[in-house]
Every structure is written in C-alpha cells, then in structure tokens.
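Same order as they appear, the protein sequences are chains V and E.
Position 107, counted from 1, in the first sequence is what this note's numbering calls 107; the numbers after and before it change by one each time, with no gaps.
Position 82, counted from 1, in the second sequence is what this note's numbering calls 82; the numbers after and before it change by one each time, with no gaps.
Hints listed in this document are in silico derivations from the structure and should not be mistaken for laboratory results.
Do not rely on the hints blindly, as some may be mistaken.
[What the hints assert, rightly or not] The following residues of chain V were derived to be distant from chain E, with all beta-carbon distances above 10 Å: (1) D17; (2) N67; (3) H72; (4) N98; (5) K99; (6) P112.
[What the hints assert, rightly or not] Straight-line Cα separation of at most 30 Å, DSSO-like style, residue types lysine-lysine; simulated pairs: (7) E:K42 to V:K94; (8) V:K111 to V:K42; (9) V:K68 to E:K78.
This one's a predicted model, so the numbers in the text were calculated from it and none came from an experiment.
Glycine included, each C-beta is placed from N, C-alpha and C at the ideal position.
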Amino acid sequence: GESVGLHLPTLSVQEGDNSIINCAYSNSASDYFIWYKQESGKGPQFIIDIRSNMDKRQGQRVTVLLNKTVKHLSLQIAATQPGDSAVYFCAEGKAAGNKLTFGGGTRVLVKP
Amino acid sequence: EPEVTQTPSHQVTQMGQEVILRCVPISNHLYFYWYRQILGQKVEFLVSFYNNEISEKSEIFDDQFSVERPDGSNFTLKIRSTKLEDSAMYFCASSEGEGREAFFGQGTRLTVV
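Looking at chain E on its own, in the form it has when it is part of the complex (with noise of 0.2 Å):
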C-alpha cells in the first residue's frame, strides 16, 4: 500500500539552527500538507501545497518558514532558525485533490535543545 515516508524520524538540533524536513508523498498525489503536534495537544495545520506554491498556511507558518518541492517525488519543510518552542512532531501529509482525505506520514520528532 502506497504511504508517506519521512526523514528522519527524529532530529535533535541546537537554538538557532536550520532544519530541513523531509517526506515523499504518495506518488500520484496532488496536494501535499505539513501539520505539526506538540506533545499533549492536537495536531494543527501549518501549510498546503499544490501546483508549485502555497495554497494556504496558518498563523504559525510565520517567516521562519518554508517549503519546497525540489523535484518530482520529494517535499520538504525548512526551519530556518528553530527555536525552543518549534519541538513537536511534524507530519508530512498528501491527498489526490481537494476534499479527499489527507494520508499522513509516521512524523519527524524535532527536539530544540
């Protein structure tokens, strides 16, 4: 069964650091999403993806923020300089088209130190 893969499962990175995020979603998948979930709360939207460009982020998706579809099978989140409150899970997700459901990838966990 097709699935969303992410890498790495796990990324201890230092204040102040870049991090890319990365994940393959299911090949012939339109839409791609990254969610995040900081531990004991609900998973929150951060940034869609169709056609090359954003379709819509939220609040959180702020300037330290980006994403990139660098070829043809992977999509990628970029923290361009991680602070102590971006630890959470992320979770890459993709869909064929609008309203249809959203598959999720297993999450990278992020922990600032």
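Isolated chain V, as found in the complex (with noise of 0.2 Å):
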C-alpha cells in the first residue's frame, strides 16, 4: 500500500507535539468524511469518521473537524508517536451507495 509520491505534501513533527493535517473536500453533498491512516505496505486503516451534521468528533488521541462553509476537514492528533509516522488520507462518501472519494494525502514524519 504505498502511497509515496514526489508530491505528496509533507507534515514533520515532534514527538510528543500535536499534529494537523488538514483536508479540503470537494463534494458539498458528502453525507461523511474519515480519515484513514496508511502506513507502508500496507492498506488504509480506519481511524475516524464524522457525519456532515457533525463540527467536532473525537476519538482517543485524535479529533476531527469538520466546517462545511469552506469545505475542510482536519485532524488532529494528540501527542504524536513514532508510530504515527503514515501517510494520512481524508475520504468522503455519501450514504447511498457508499463510494468513497480519497484526497490526494499527506505525510507524517514524526521526529523523534
């Protein structure tokens, strides 16, 4: 599952620090937004999800946000670790049929 790409947009970090990734979505009609994590070799993992009714949803460690008047999506991580060293997809989706439409990514480097 490798998403590397010269072009990938690239967010380095502290360990221990917090981390943004921001996403801007284009389909104002998206009935849910996720993050998915994918780390090399390997396929997207599912970190969270948030409805279009929704502004905030948190998780452990991570919050998403969600302003529907600009169209962008964040994700916050809190005091990063190594192992969230990955490459970070937001994806939206409508609830009839399912599909769902990936941003281009971006890649987290967490420093030790």
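Two chains, two frames, some hints: make the complex.
Okay, structure coming up:
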C-alpha cells in the first residue's frame, strides 16, 4: 500500500507535539467523511469518521473538525508518537452507494 | 479483530493475460468494494457490490473488469486482458452497511510486464 509520491505534502512533527492535518473536500453533498492512515506496505486503516451534520468528533488521541462553510476537514493528533508516521488520507462519501472519494494524502514524519 | 484478507500479496503477469485478485471480506459485512492505488497517486474507487450485484462503478471499471462473489466468503476482481497501466495496488474493502466505514485489506500489488 505504498503512497509514496514526490508531490505528497509532508508534515514533520516532533514526538510529543500535536499534529494537524488538513484536507479540502469537493462535494458539499457528501454525507460523511473519514480519515484513513496508511503505513508503508499496508492498506488504508480507519481512524475516525464524522457525519456531515456534525462539526467535531473526538476519538482516542484524535479529533476531527469539519467546516462545511469552507469545505475543510482537519485531523488533530495529540501527543504524536513515532507509530503515527504514515500517510493520512481524508475521504468523503455518500450514504447511498458507499463510494469513497479519497484526497491526495499527507505524509506525517515524527521526529524522535 | 476481524479483517479483510487479500491474496496474493503480489502478482506479476504478462500484458494481455487475465488475472483474478481474491478477497475475503469481513464476515458480517454486506457491502464490498475494490479500489486501486497507482504508485504515487491517490486511492481510486473502482466498484461497489451489494446483494450480489454491482451497485456503483467508476469510469476506470470498464469491460475488462468484472467482479464476482462465487461463494459465501470470497469476493474477486478479474481483469480480463491486463495492460501495463493496470499496474497498481488493488485494495478490497467491506462495510456493514450504507454510510458505514469501509475496512480495507492489505492490498495486492499487481505488476503487468
């Protein structure tokens, strides 16, 4: 599951610091949004989702914020750990059909 | 923890040959999907499958592609006559229902030579 690419934006963060990953989505009619984490050689791993009628949702060490006005989604990771190093994708979907449309991804590098 | 499993992990095939990629979705899931990821690019939707039929497909999923659920556990993607540009990671995913998160397998790396 490599998503290595010369054009992937990269976020370098110090271990222990908070990370914020941003995503602009395109379809104002999307019903839900998901953040996936993809480590080298693996498939996308579900992190957290948020419905379009919400603006914030918290999980374990992660928070997703949704701003429908500007079609912006963010993922906040608290106290970033080395195991958080991966490529993070946002995806948008509609309840009918279940097709997911993925964004381009952001690589997070955690420095010890 | 239940997971989606895919076989093989890596498949090398000659251009023009047929390939079948195999997946075992999570057992109580009802919706199944294939996505692909060309190296360096984003994950792209190919097809979704529910109740033994295709519910949605993308422009990529042309007549060279087909999907099948041959029994109660397997879900397959067939590419009839592979092209060089079919080289990619192919991910199978499944979800419990509409609007529910999709869980992905580890992928099959297809290399067409």
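Hint-by-hint comparison with the structure:
Annotated as non-interface, D17 of chain V keeps its C-beta farther than 10 Å from every C-beta of chain E; the closest such distance is 27 Å. The Cβ of N67 of chain V lies farther than 10 Å from every Cβ of chain E, with a closest approach of about 21 Å, so its non-interface assignment holds. For H72 of chain V, the non-interface assignment is confirmed: its Cβ lies about 18 Å from the closest Cβ of chain E, beyond the 10 Å cut-off. For N98 of chain V, the shortest C-beta to C-beta distance to chain E comes to about 5 Å, within the 10 Å cut-off, and the non-interface label is violated.
Annotated as non-interface, K99 of chain V brings its C-beta within 10 Å of a C-beta of chain E; the closest such distance is 5 Å. Chain E leaves P112 of chain V outside its interface by the beta-carbon criterion, the shortest separation being 27 Å against a cut-off of 10 Å. Straight-line distance between C-alpha atoms of K42 of chain E and K94 of chain V comes to about 19 Å, which keeps the hinted pair within the 30 Å bound. Between K111 of chain V and K42 of chain V, the direct Cα distance comes to roughly 21 Å. Compliance with the 30 Å bound is thereby established for this hinted pair.
Between the alpha carbons of K68 of chain V and K78 of chain E the distance comes to roughly 39 Å, so the proposed pair goes past 30 Å and is violated.
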